[in-house]
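Colleague: Produce the complete structure using the sequences and hints provided.
In order, the protein sequence lines correspond to chains A and B.
Be aware that the first sequence starts at -10, since it is given in this note's numbering, and climbs by one per residue.
Be aware that the second sequence starts at 6, since it is given in this note's numbering, and climbs by one per residue.
Keep in mind that the hints are not guaranteed to be accurate.
[Said to hold, decoys possible] Below, a list of computed lysine to aspartate or glutamate pairs in the DMTMM-like style, where the Cα atoms sit at most 25 Å apart: (1) B:182 - A:53; (2) A:56 - B:163; (3) A:85 - B:112; (4) A:44 - B:174.
[As the list claims (entries may be wrong)] Estimated spans, in silico, between C-beta atoms of each pair: (5) B:124 - A:110: 41 to 51 Å; (6) A:98 - B:79: 37 to 47 Å; (7) A:49 - B:103: 36 to 46 Å; (8) A:54 - B:76: 11 to 21 Å; (9) B:174 - A:74: 41 to 51 Å; (10) A:102 - B:97: 18 to 28 Å; (11) A:56 - B:174: 20 to 30 Å; (12) A:92 - B:20: 33 to 43 Å; (13) B:103 - A:118: 38 to 48 Å.
Source of the hints: derived by calculation from the structure; they are not laboratory data.
The structure displayed is predicted, hence computed values, not measured ones.
C-beta atoms are modelled at their ideal positions from N, C-alpha and C, and glycine is treated no differently.
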Amino acid sequence: MSAEIKKVIFSILDKMKNDIELDVIIDDYLQGRLSAAEAEALEQLRINDPLIDHKVVTQKAFLDSLKQYGDRLSLQQQMERAHLQLDVASLSEQLKPRTSYVVKLWRKNKSAFAVAAAFLLLTLSSIYSIQHSTFQNGTYEVMRREITNIKNNQNKLVRTINSNSKEELGPIKNAKFGGTGFALTANGYLCTNFHVIRDADSVYVQNNKGESFQAKVVYRDQQYDIAILKITDEAFTPLANLPYKLKDNNLGMGENVYTLGYPKDDAVLGEGYISSKTGHAGDTTQYQVSIPINPGNSGGPLLDNYGNIIGVITAKENQVDGATFAIKSRYIMDALNAIPQDSLGKKVVFAKKNPLQGLNRTKQIDKIENYVYMIKVYN
Amino acid sequence: MVSNKLSDSVPTDREVVLGILNNSEDALNRLYIGYFPMILQFILNNNGDEDDAKDVYQESIIILYNKIKSGNFELSSKLKTFIYSVCRRIWLKRLSQQSKKTSNLADFEDVVAVDVDIEQHEEKDLQFEKMGSALLNLGEPCKTIIQDFYINNLSMQDICEKFGYTNTDNAKTQKYKCLQRLKKLFFQS
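Modeller: Written as structure tokens, this is what we have:
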């Protein structure tokens, strides 16, 4: 530090005894009116004495806001002068909203109109729904098929394409009604719908190879529309272990499902998804499934992606597209439990692990196909 | 609705920014006259009158001015769009303060998201008013001395002559006392 600056510092320190003097020095410093030596000396003092530094900073802040005030004031004066040059009245005459009466009315009362429109809509829709109550109330159409007329049609077809028809090994006469069923045990217990075998004099079941076996009805449950058949035919040889399991817990909406059934003489695959957890008119014993089915599908198994049986196809809504109903698998088990255990042999059970799990759809069907039967009813 | 054409005398954006940086009154003047009709139209069509338009417009110009002066102004959109967007935001805020319907503003220009801190601007507004009233309360001749020295950058010599002080030291002491009183008034209010 040069001797000169030291001298200046001492002179400033000397003046500092008087507060006014210090303020004047700071003021001059901020205005840039100090000599270079004096400025350097003051900066030195600021470093050494926080009190002085603080004074400088607050003074600077205040002067800055004073300066800003001045700037702003002159800006506002300039703008006022500019504003005077404008002819605001004629401008606003030119620019003001020019809308027709109708548009103005619309703008002002937009929300009122909206409320009125909404009310009107609501009224109309409620009137409509009173007249045509909108929930699914189409008639419940069970899916057994009346074979005779279809069969006749097919017979004609068979005559023209003779080689394609499978040889029927069972009784020669035509069945009256048809449905689908699937094996519950290896020794020939089958599950189908009650309505399929209702009024039956005799029941035959036919597997995918075309072999027919006589069967008798061993359990009927009209309430849940479930029936259990037992193959009594002597030609019947016990099946291999069942590839599928029953699945008890409820499936969620959107779960992909498929069914195998006999709407014609060969098995037909139908694929869809659970569209509701309740069936016709809110029936909790059923699922609503969006799956294309036809007469003859009744009693077919409804399987999930993993090959678990989750229900039995029963019926469809005839006024609603894609509303098929399937009884939940729990009621199959209830029906099975009604039959003496020792006669059942090895039966299908609820299980977590399933041999079909992980197989692709084609492989699953390959295995299941042998356990799904066409039910033929004579009366 | 057809947006009315603005007059041709609107300066280019570059001219405005440079003009404001150089304290050109002409640039500001042309800017002011150039874009006022746009804002007038906007306010008139959204439940406001001429005075509202003037108020909002001047506020947006002050914001623009401060932004340019502070040096961190980047011309990311057209000035016209910037001013319009700022005015739109200010007006929306005022409308909501008056709890008027603000659901659908009738727009006449493009709107950009402007990173302008309206609250910060209002804070500055408050400071401005505080300083104004402090100066008013300061009374004469202090007010003029302070303004001449700190705002108009007159020298002590000029002030001496203007107010008839016998020497600059007297004027300095007077100015010092005035400043102290102004500080007191400013921080008290």
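Colleague: Evaluate each hint against the coordinates.
Modeller: Comparing the hints with the structure gives:
no.: 1; hint: B:182 - A:53; verdict: holds (18 Å)
no.: 2; hint: A:56 - B:163; verdict: holds (19 Å)
no.: 3; hint: A:85 - B:112; verdict: holds (13 Å)
no.: 4; hint: A:44 - B:174; verdict: holds (22 Å)
no.: 5; hint: B:124 - A:110: 41 to 51 Å; verdict: holds (43 Å)
no.: 6; hint: A:98 - B:79: 37 to 47 Å; verdict: holds (44 Å)
no.: 7; hint: A:49 - B:103: 36 to 46 Å; verdict: holds (39 Å)
no.: 8; hint: A:54 - B:76: 11 to 21 Å; verdict: holds (18 Å)
no.: 9; hint: B:174 - A:74: 41 to 51 Å; verdict: holds (46 Å)
no.: 10; hint: A:102 - B:97: 18 to 28 Å; verdict: holds (24 Å)
no.: 11; hint: A:56 - B:174: 20 to 30 Å; verdict: holds (25 Å)
no.: 12; hint: A:92 - B:20: 33 to 43 Å; verdict: holds (39 Å)
no.: 13; hint: B:103 - A:118: 38 to 48 Å; verdict: holds (43 Å)
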